[in-house]
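> Letter by letter, the chains look like this.
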Amino acid sequence: MGFLKRVWYACAWTDELIDNAPLARTIAGMPLVFFRAPDGRVSALDDKCPHRLAPLSRGRITEKGIRCGYHGLEFNHMGQCIGNPHGPVTSSLRVTAYPVAERHGLIWAWLGSPAETIESTIPDLSFIDRTTPTAFIHGYLQIKADHLLMVDNILDLSHADYLHPDSLGGGSISRTKPTFEERPESLFVSWTCVDEVPLPVFRPLLPTPETRCDMWTEVEWFPNGVMILQVGAVPSGQPRQSGIDTWNAHIMTPEIKGRTHYLYCSTRNFLTEDADYNRAFGVALRTAFELEDKPMIEAQQERVGDVDLLERGPALMGIDTASVRARRVWGQRFRAEHPAA
Amino acid sequence: MGFLKRVWYACAWTDELIDNAPLARTIAGMPLVFFRAPDGRVSALDDKCPHRLAPLSRGRITEKGIRCGYHGLEFNHMGQCIGNPHGPVTSSLRVTAYPVAERHGLIWAWLGSPAETIESTIPDLSFIDRTTPTAFIHGYLQIKADHLLMVDNILDLSHADYLHPDSLGGGSISRTKPTFEERPESLFVSWTCVDEVPLPVFRPLLPTPETRCDMWTEVEWFPNGVMILQVGAVPSGQPRQSGIDTWNAHIMTPEIKGRTHYLYCSTRNFLTEDADYNRAFGVALRTAFELEDKPMIEAQQERVGDVDLLERGPALMGIDTASVRARRVWGQRFRAEHPAA
Amino acid sequence: MGFLKRVWYACAWTDELIDNAPLARTIAGMPLVFFRAPDGRVSALDDKCPHRLAPLSRGRITEKGIRCGYHGLEFNHMGQCIGNPHGPVTSSLRVTAYPVAERHGLIWAWLGSPAETIESTIPDLSFIDRTTPTAFIHGYLQIKADHLLMVDNILDLSHADYLHPDSLGGGSISRTKPTFEERPESLFVSWTCVDEVPLPVFRPLLPTPETRCDMWTEVEWFPNGVMILQVGAVPSGQPRQSGIDTWNAHIMTPEIKGRTHYLYCSTRNFLTEDADYNRAFGVALRTAFELEDKPMIEAQQERVGDVDLLERGPALMGIDTASVRARRVWGQRFRAEHPAA
Numbered sequence: 001m002g003f004l005k006r007v008w009y010a011c012a013w014t015d016e017l018i019d020n021a022p023l024a025r026t027i028a029g030m031p032l033v034f035f036r037a038p039d040g041r042v043s044a045l046d047d048k049c050p051h052r053l054a055p056l057s058r059g060r061i062t063e064k065g066i067r068c069g070y071h072g073l074e075f076n077h078m079g080q081c082i083g084n085p086h087g088p089v090t091s092s093l094r095v096t097a098y099p100v101a102e103r104h105g106l107i108w109a110w111l112g113s114p115a116e117t118i119e120s121t122i123p124d125l126s127f128i129d130r131t132t133p134t135a136f137i138h139g140y141l142q143i144k145a146d147h148l149l150m151v152d153n154i155l156d157l158s159h160a161d162y163l164h165p166d167s168l169g170g171g172s173i174s175r176t177k178p179t180f181e182e183r184p185e186s187l188f189v190s191w192t193c194v195d196e197v198p199l200p201v202f203r204p205l206l207p208t209p210e211t212r213c214d215m216w217t218e219v220e221w222f223p224n225g226v227m228i229l230q231v232g233a234v235p236s237g238q239p240r241q242s243g244i245d246t247w248n249a250h251i252m253t254p255e256i257k258g259r260t261h262y263l264y265c266s267t268r269n270f271l272t273e274d275a276d277y278n279r280a281f282g283v284a285l286r287t288a289f290e291l292e293d294k295p296m297i298e299a300q301q302e303r304v305g306d307v308d309l310l311e312r313g314p315a316l317m318g319i320d321t322a323s324v325r326a327r328r329v330w331g332q333r334f335r336a337e338h339p340a341a
Numbered sequence: 001m002g003f004l005k006r007v008w009y010a011c012a013w014t015d016e017l018i019d020n021a022p023l024a025r026t027i028a029g030m031p032l033v034f035f036r037a038p039d040g041r042v043s044a045l046d047d048k049c050p051h052r053l054a055p056l057s058r059g060r061i062t063e064k065g066i067r068c069g070y071h072g073l074e075f076n077h078m079g080q081c082i083g084n085p086h087g088p089v090t091s092s093l094r095v096t097a098y099p100v101a102e103r104h105g106l107i108w109a110w111l112g113s114p115a116e117t118i119e120s121t122i123p124d125l126s127f128i129d130r131t132t133p134t135a136f137i138h139g140y141l142q143i144k145a146d147h148l149l150m151v152d153n154i155l156d157l158s159h160a161d162y163l164h165p166d167s168l169g170g171g172s173i174s175r176t177k178p179t180f181e182e183r184p185e186s187l188f189v190s191w192t193c194v195d196e197v198p199l200p201v202f203r204p205l206l207p208t209p210e211t212r213c214d215m216w217t218e219v220e221w222f223p224n225g226v227m228i229l230q231v232g233a234v235p236s237g238q239p240r241q242s243g244i245d246t247w248n249a250h251i252m253t254p255e256i257k258g259r260t261h262y263l264y265c266s267t268r269n270f271l272t273e274d275a276d277y278n279r280a281f282g283v284a285l286r287t288a289f290e291l292e293d294k295p296m297i298e299a300q301q302e303r304v305g306d307v308d309l310l311e312r313g314p315a316l317m318g319i320d321t322a323s324v325r326a327r328r329v330w331g332q333r334f335r336a337e338h339p340a341a
Numbered sequence: 001m002g003f004l005k006r007v008w009y010a011c012a013w014t015d016e017l018i019d020n021a022p023l024a025r026t027i028a029g030m031p032l033v034f035f036r037a038p039d040g041r042v043s044a045l046d047d048k049c050p051h052r053l054a055p056l057s058r059g060r061i062t063e064k065g066i067r068c069g070y071h072g073l074e075f076n077h078m079g080q081c082i083g084n085p086h087g088p089v090t091s092s093l094r095v096t097a098y099p100v101a102e103r104h105g106l107i108w109a110w111l112g113s114p115a116e117t118i119e120s121t122i123p124d125l126s127f128i129d130r131t132t133p134t135a136f137i138h139g140y141l142q143i144k145a146d147h148l149l150m151v152d153n154i155l156d157l158s159h160a161d162y163l164h165p166d167s168l169g170g171g172s173i174s175r176t177k178p179t180f181e182e183r184p185e186s187l188f189v190s191w192t193c194v195d196e197v198p199l200p201v202f203r204p205l206l207p208t209p210e211t212r213c214d215m216w217t218e219v220e221w222f223p224n225g226v227m228i229l230q231v232g233a234v235p236s237g238q239p240r241q242s243g244i245d246t247w248n249a250h251i252m253t254p255e256i257k258g259r260t261h262y263l264y265c266s267t268r269n270f271l272t273e274d275a276d277y278n279r280a281f282g283v284a285l286r287t288a289f290e291l292e293d294k295p296m297i298e299a300q301q302e303r304v305g306d307v308d309l310l311e312r313g314p315a316l317m318g319i320d321t322a323s324v325r326a327r328r329v330w331g332q333r334f335r336a337e338h339p340a341a
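Protein chains in written order, with this note's numbering: chain A, 1 to 341; chain B, 1 to 341; chain C, 1 to 341.
Misleading hints may appear alongside valid ones.
It does not matter which identical chain is meant; a pair holds if it fits inside one copy or across any two.
Lysine to aspartate or glutamate pairs mimicking EDC-like chemistry, simulated, CA-CA at most 20 Å apart [unchecked claim]:
#1 Lys5 x Glu311
#2 Lys5 x Asp274
#3 Lys257 x Glu302
#4 Lys5 x Glu63
#5 Lys257 x Asp306
#6 Lys177 x Asp19
Calculated from the structure, these hints are not laboratory results.
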């Protein structure tokens, strides 16, 4: 079907962009090279030298840009050729540059026309900016599945009761009816669990592991694949403000058809200075995402094959409401970008 | 071209089906999940949850069926949903179940309409039921070649003289003219070798390794890919009943286009209590099949490419008579199932 | 697009053809088997037994030819069947044989009609015949890129300044304007570098590593993919005859679409008896070709995709003159072979 272009895509965590090492990453079907200049500025260019199409990501970062590793043409952050060892710098020696933003610990790129850039449409992930390093977990996984199957996974968190029974399950989500809200730029889903069995990961943090809790699980999805997830718990009947709370981002950036960049992070309001806890919590999340979600969704993709899930006539239920709505919103955005399609 | 559906396919050895572990296996292009319920019954279902198409084989076996590992829907052996944690059990929540039989140490599935099941068409492999464990060798190989190339291999055993010279060769088959018989449900080929050099594997069992023998090699092929092979020897002129004899099954169950499940076994009437001999004989057969047949036939498949061998205009000889007839019978069966094709 | 057939292709170094071991190698889309008979003669046959299309390269070399490893048919060097254990030798039991030449340490095959063979079109690589073993380096690499991208690489040696800066670079080629000459059977490119910084590999051989040099770099390309490269240096102003000189072959034999056999060698007029130097020089070249050229050109191929580079509209410069001319010559040859195309 193709991908949205007129969105800000989260492409990489800033710490994936190492000094003096260009990063090759294909975003929504476009092979891009990301690099940080000595002055700190991050650039994103088409990862193809206009001369002979060698990937610029195999080249070297210079004072002023990047030099192709094959025949030495040099380009600045705007994609303009600024050095040609073999002749004049002509107008054909240029490569497309994409608007880039560095915000909330992520590198973002805009794949639409630069004139249309609306930077404010980067979702607000400022919870990342406010965290301490010891309360911050983040990671990257490459998934062999369509970005919408990944979105489905987070929009229907009842899966946690079956796919992650020992860490994020317990049954409370499956027993709770969610509410949905279509916002101007996003879709919001909320599970309010009352006097429920707490999630396994929360149990060691409660007065006793058996303490029943009120819990909240809120997901906000944006068409660029960003999903913000707040999950917390408090002993039943106590005020939410006194509870334990987590803010998470699950970002599903399309790579190519059938492949997705999965960027995730988590912050919290408890044990925020505890590096050991942070490490253990990070391992628990990584285990759930890499060893439980990833193989299940990749196996699902194999069964779905080369079409959208809905074309296969799945037996939809109430728990699929949000993912059906998200596809509708995404489809409207896509058709707006491709009027003829 | 496609596959026959109205046949019983041998899908797995019963000991491949471990308690509490669903087995995913694609048969004739259909991804199936096999599992054994606590009461011992074996089921075969489409390996796709109707909800979101996750493979049921990634789920868990329950008291009454299998539960999807993604969102927890539970199905019984008839494919009926018997549990939905998220809402009502509706008629759309069902998955196709296939008739299953457990016979002769194998799990069989019928891929045609259940109403047409004719269980009697499972070939008689009761020689497997009569053997002792120490006179029984069996195994499974996945072959990257079409099932008909695998059938060719056994219908023309003269290959043993060249591909397996040190174990199953010796030249006797190549020197002997086979006879053919078309039976109602099968094709029968027989080599009667008179006063010949014995097969290498038989030599240690004879009065002397050089003892010349009368030998018999009989293959019966069924359109579902089952091939029964009897091979034996007796010192020249003595009655066949006093000889050494082996009964073997070579089963070529199509997986997908260009891939075949190869299930093989062997029993015998000598050294039937000798576990060491059994082990050594098993290794010899495995070596021949895995290191000689498999790479040759997979390489042949690469040369043949994406069509049937006969479309390549091979130079057929007398030794190809049986495989040409088998293709004709198979093709008649296929066209009977697909009148329009 | 396809490949030229009416050329002599260099298929393998003679020492790749081990006694009693057939060599399978696909040349210009044709799977061939090469083997050396006990009398020393080398043959090239279609690597497909006419009987059932098993690759002959999985068979055994005999006194008089090669025997198929599947059912034992034997063929001589002309592809005629000379043994059939299963029946008469008929005219359909034959396989195409290709004219073969063994010259300059290489096995050559002619893929056009045998009647058209013009052996004189094997380029003169007699510098190989005149070398000592300790002044001879040769090797083979399989490249996942089109043969014309490999030809581009050598026809534009300015890449050495950027891709091989520490061994074959230094900037002299990029600073020098080449001259071009179209010869009847080839294309000739020459860089005459005057009073230049020597190539890094030459520096230890000069009076001092900083000694400025006159250098010559001459490439001759033939449409069969053979490229002869002479590179040498002499302290500035001294006669070329007194300098150090190297003769090299870079041979780009097409395998299949998008894959190329890269056969390379180098000889020289200095330290010709120094086995240690020879070994170190061989490692330096192998490193440049395998760890610098190969990954760059394979990455370029991924960006170019399934068409010829020129269809992608690359921004050509003066340094691309030779590769554009070579494509034109190659295209003329190709259209002459395929008048309808």
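> Take the hints in turn and mark each one as holding or not.
Verification of the hints:
Taking the closest pair of Cα atoms, Lys5 and Glu311 never come within 20 Å of each other, the shortest separation being 23 Å inside a single copy and 25 Å across copies. Taking identical chains as interchangeable, the C-alpha atoms of Lys5 and Asp274 are never at most 20 Å apart, the minima being 40 Å within one chain and 61 Å between chains. For the identical chains of this complex, Lys257 and Glu302 are neighbours both inside a copy (13 Å) and across copies (16 Å), given an alpha-carbon limit of 20 Å. Taking identical chains as interchangeable, the C-alpha atoms of Lys5 and Glu63 are never at most 20 Å apart, the minima being 30 Å within one chain and 49 Å between chains.
Taking the shortest alpha-carbon separations for Lys257 and Asp306, both the intra-copy value of 9 Å and the inter-copy value of 18 Å come in at or below 20 Å. Taking CA atoms no more than 20 Å apart as the test, Lys177 paired with Asp19 passes in neither setting, with 48 Å inside one copy and 36 Å between copies.
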